[in-house]
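These protein sequence lines map, in sequence, to chains A and B.
Using the working numbering, the letters of the first sequence map in sequence onto residues -8 to 362.
Using the working numbering, the letters of the second sequence map in sequence onto residues -8 to 362.
Since the hints were derived computationally from the structure, they do not count as laboratory data.
It is possible that some hints are incorrect.
Given that identical chains are not distinguished, each listed pair holds provided it fits within a single copy or across any two copies.
To be verified - Dumping the calculated SDA-like pairs for lysine to any residue here, alpha-carbon to alpha-carbon at most 20 Å:
#1 Lys147 / Glu347
#2 Lys52 / Arg316
#3 Lys320 / Glu171
#4 Lys40 / Lys320
#5 Lys357 / Phe265
#6 Lys23 / Asp318
#7 Lys273 / Tyr292
#8 Lys52 / Glu1
#9 Lys215 / Asp77
#10 Lys23 / His13
Protein chains: 2
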Amino acid sequence: MNNMLDDVEEILLMGPGPSCIHDSVYDALSRKTLGHMDPYFIHIMDEIKRLLQIVMQTQNKMTIPVSGTGSAGMETCFVNLVERNDPILILINGVFGQRMQEVATRLGADVDSLEFEWGTPVLPDKVAEKLRSKDYKIVAVVHAETSTGVKNPVEKIGEFIRETNALYLVDTVTSLGGIEVATDSWGIDALYSGTQKCLSCPPGLAPVSFSDRALDVILNRQNKIPNWYLDVSMLTKYWEGQTRVYHHTAPINMLYALYQSLLLIAEEGLTEVFQRHYENHKKLVEGLERIGIQMLVAPEYRLPMLNSVVIPEGADDAEVRGRLRQDYKIEIGPGLGPLAGKIWRIGLMGHTAREENVDRVLSALKEILNR
Amino acid sequence: MNNMLDDVEEILLMGPGPSCIHDSVYDALSRKTLGHMDPYFIHIMDEIKRLLQIVMQTQNKMTIPVSGTGSAGMETCFVNLVERNDPILILINGVFGQRMQEVATRLGADVDSLEFEWGTPVLPDKVAEKLRSKDYKIVAVVHAETSTGVKNPVEKIGEFIRETNALYLVDTVTSLGGIEVATDSWGIDALYSGTQKCLSCPPGLAPVSFSDRALDVILNRQNKIPNWYLDVSMLTKYWEGQTRVYHHTAPINMLYALYQSLLLIAEEGLTEVFQRHYENHKKLVEGLERIGIQMLVAPEYRLPMLNSVVIPEGADDAEVRGRLRQDYKIEIGPGLGPLAGKIWRIGLMGHTAREENVDRVLSALKEILNR
């Protein structure tokens, strides 16, 4: 039979994720599969936890990759912490804030939201005001809103939450490994990420971390977690302790790849990685502005790894992206929701954030748009 | 830094999964990552669905791999079909039947169970009797009970269920690709599997399939599915139709691997694959009996891919498994639950089911046990 994999091309992944993968991560993926209870594999698990703690800047013991994609990480944080009728506040300025609202609502939480215009950040003062009006069990926000390219002021919002009893839940899917995520010093109680953004690992795993305070809430629930697969109290027994208890069969090869991608970040150094993202972002923005393409987001709220640009007048959204993919082997992302047809999303995530890639997408856009 | 992946050994995986992986599947894993909305990747998705339909022997349109391991497949089937207080019957004769009960209970179902001794099969007549006593919305059973090595009479049980209005939900995690799973002709409405058993792909994906009848139930629920990540009504929109709707970022490289492993099965032919499992099982059982090791399960209910053997008197469970792993680079599985310390589980799943592997485990056991 014809094998479709023989015709998989190498595409420069400059969309909202997945991002480009380092060769050593591809190699890691295809190492020999070990059993999920194998003693050597358990050492690798321990090392993954340690490396995740470094990247997440946390001492949280419960810092593990969940066996699903970033959205499974979101589901994990909410389903473990939320019980029916719990008062929850979600801060929304894009698709992923909306998704949090949907996930929490489906779990029967009493969900309030504060909404901000897409393309603008969450305003901490508005949050502080809202927090004075009601006692929330959880306040949740997206750090890097992938749908708009906005960086939300997670540290500042955390200062207000700390004055209440609420748990602080943060989506770091797109931010982790690209900009600072200082879990402990920002007072974050639960966070989740995805492997296919700035960690530059294929999609399939969701790193999560819970503070001891969040774990206390989980271990003292009134009702069992209504999701066996993502039950953190059971996952802990597989990921921690002298004797490991089988829960589900861990995705071994994906975990090899995550190990390798975390090792690359640790070796380069967090500061250096963040700097590389920032420098390439700056270069991209300058280049775009030189050919008359405008950024959606104000400079102080821009994410380095996700650049939302306004589609120039006269340019056909689908046609330009189609030509980039077809003729230049470059993927960029379309707009989502109300921004569909209005913006493109150019990713500079992880291994993608390199000068030669910035040059390549700029020169392709210049040619296609005749600038 | 020291790279732990450099010391990953090649272990002969003869436990309850993961199983041995074909080189071409390792190669598939490390093909260049494409975007989850990439047009070529969508062609690969279509082909995965077609190949899954072949292996599952079904025309069900909704036949897809879920982005999680086998247990996520279980969660998917239950969370989509079950609403609070729904009457559900679970047939239990091992760990995975118990897990179904736990998953359904956590979702608020009104769960009845029929239990059978571990190591013996579910008895269809008892099921028929139970079905006369109450109207169930769902009846669920494990086809191949991985914890005991018992094959349950799924076809026969289905005949009785067909006389009622109940949906038939079957766990085919360990059976799919090793023995016949005739989804449509056995009247199965929902089934799930895992990639790391007889499909011989690394762990990380859960193929599922839903009949049109099951889909009707899902699309006409009273309440939204309390699990956004595994919502089949949304997954359908990503996996089907002319225009695909983004749901979550699919685990691209794992899907390449699944494609390749399904292709290998299709190329070898289902009948040939089943025969290979059966022949190697026969050879293993004969060899074990020759060295005085007894099978747990009666011949007519034995699974070819999961052989439960009684630990011989005088042999130390952990020590023997430890020596197999350390000195012979072979993994076999321990007993679970009430069978812990009493049985070993020797897997002959997928690519593992080969004569040279049977010879290798037999000669290792012979040496270690001085037989």
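Evaluated hints:
no. : hint            : result
1   : Lys147 / Glu347 : neither (35 Å within a copy, 63 Å between copies)
2   : Lys52 / Arg316  : neither (42 Å within a copy, 30 Å between copies)
3   : Lys320 / Glu171 : neither (31 Å within a copy, 43 Å between copies)
4   : Lys40 / Lys320  : neither (35 Å within a copy, 26 Å between copies)
5   : Lys357 / Phe265 : neither (27 Å within a copy, 57 Å between copies)
6   : Lys23 / Asp318  : between (36 Å within a copy, 18 Å between copies)
7   : Lys273 / Tyr292 : within (13 Å within a copy, 66 Å between copies)
8   : Lys52 / Glu1    : neither (38 Å within a copy, 31 Å between copies)
9   : Lys215 / Asp77  : both (15 Å within a copy, 18 Å between copies)
10  : Lys23 / His13   : both (19 Å within a copy, 10 Å between copies)
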